[in-house]
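**Q** One line per chain: the protein sequences are A and B, in this order.
Mapping of the first sequence onto our numbering: position 113 corresponds to residue 186, and the numbering continues sequentially without gaps.
Mapping of the second sequence onto our numbering: position 58 corresponds to residue 50, and the numbering continues sequentially without gaps.
Hints are computed from structural coordinates only; laboratory data are not their basis.
On a predicted model such as this, the values are computed, not experimentally measured, just so you know.
No false leads were slipped in.
Below, simulated SDA-like cross-link-like pairs (lysine to any residue); rule was C-alpha separation at most 25 Å, straight line:
1) Lys52/B x Pro181/A
2) Lys69/B x Phe178/A
3) Lys104/B x Pro112/A
4) Lys44/B x His102/A
5) Lys48/B x Thr(-3)/B
6) Lys82/A x Asp97/B
7) Lys130/A x Thr(-3)/B
8) Lys44/B x Ala123/A
9) Lys87/A x Gly33/B
10) Lys52/B x Gly115/A
11) Lys44/B x Asn103/A
12) Lys130/A x Ser(-5)/B
13) Lys48/B x Ala168/A
14) Lys144/A x Gln37/B
15) Lys144/A x Asp86/B
16) Lys104/B x Gly113/A
17) Lys52/B x Asn74/A
18) Lys48/B x Phe178/A
19) Lys82/A x Val79/B
20) Lys82/A x Gln37/B
21) Lys130/A x Asn87/B
22) Lys130/A x Ala90/B
23) Lys52/B x Ala75/A
24) Lys52/B x Phe178/A
25) Lys130/A x Gly21/B
26) Lys44/B x Phe178/A
27) Lys82/A x Thr100/B
28) Lys82/A x Pro32/B
A short list of chain A residues far from chain B (calculated; beta carbon distances all over 10 Å):
29) Thr88
30) Glu125
31) Gly126
32) Asn135
33) Ser140
34) Leu142
35) Leu151
36) Thr159
Label pairs and their in silico Cβ distance ranges:
37) Asp111/A x Gly(-7)/B: 13 to 23 Å
38) Asn14/B x Glu125/A: 34 to 44 Å
39) Pro81/A x Pro32/B: 11 to 21 Å
We put the CB at the ideal spot given by N, CA and C, even for glycine.
Chain by chain, the residues run as shown.
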Amino acid sequence: NAGVTQTPKFQVLKTGQSMTLQCAQDMNHNSMYWYRQDPGMGLRLIYYSASEGTTDKGEVPNGYNVSRLNKREFSLRLESAAPSQTSVYFCASSAIWTGEGGEQFFGPGTRLTVL
Amino acid sequence: GNSVTQMEGPVTLSEEAFLTINCTYTATGYPSLFWYVQYPGEGLQLLLKATKADDKGSNKGFEATYRKETTSFHLEKGSVQVSDSAVYFCALSDNTNAGKSTFGDGTTLTVKP
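Bound conformation, chain A alone (with noise of 0.2 Å):
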């Protein structure tokens, strides 16, 4: 059970280049969330998926798009990249609640350097 991955762990891009950030779960959840942290701003969240087939803006969208391959694949994509977008992004995924509280498991993070 090898719960939220993320791949890669580390990039460097040059400004205008694009990428997709790869994230898979197996702990069938239903939710899945991508979020940017950058140091003194806490985590914000880009883009999330309640299901497979849906996903819908978060705080911090711009620049930035998601699919939701099924219910285990996550991807973010970055059309073309920019020094703004400098940062750690993590990967996430919870269970709709069920009466179990609805925490989120996160994966290791991608860090990621625009030039």
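Position chain B relative to chain A; hints supplied.
**A** Chain B alone, transformed into the frame defined by chain A:
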């Protein structure tokens, strides 16, 4: 909307000192409350949770009590260790809307030997 306000850091303590990190929240209805911990270079992991008023969550010597009357969920530990050095996040989930959570800004704890 929902919000979480937690004690600003950083916090520096000596080993075996008492720890309190304050957390207050604003939410409609009956949210679930969480403390997450993030060790250097890692993702967040759940430390403890409470799902209803007056519940006490506890784990690894840490405790927090869900206080609806003061809308608080303060984290405490009686005797911290160097290994407790990490960033601590308070969070709530209102149990609707795709299970979205609202996180505080995090408090960095450093414990010195």
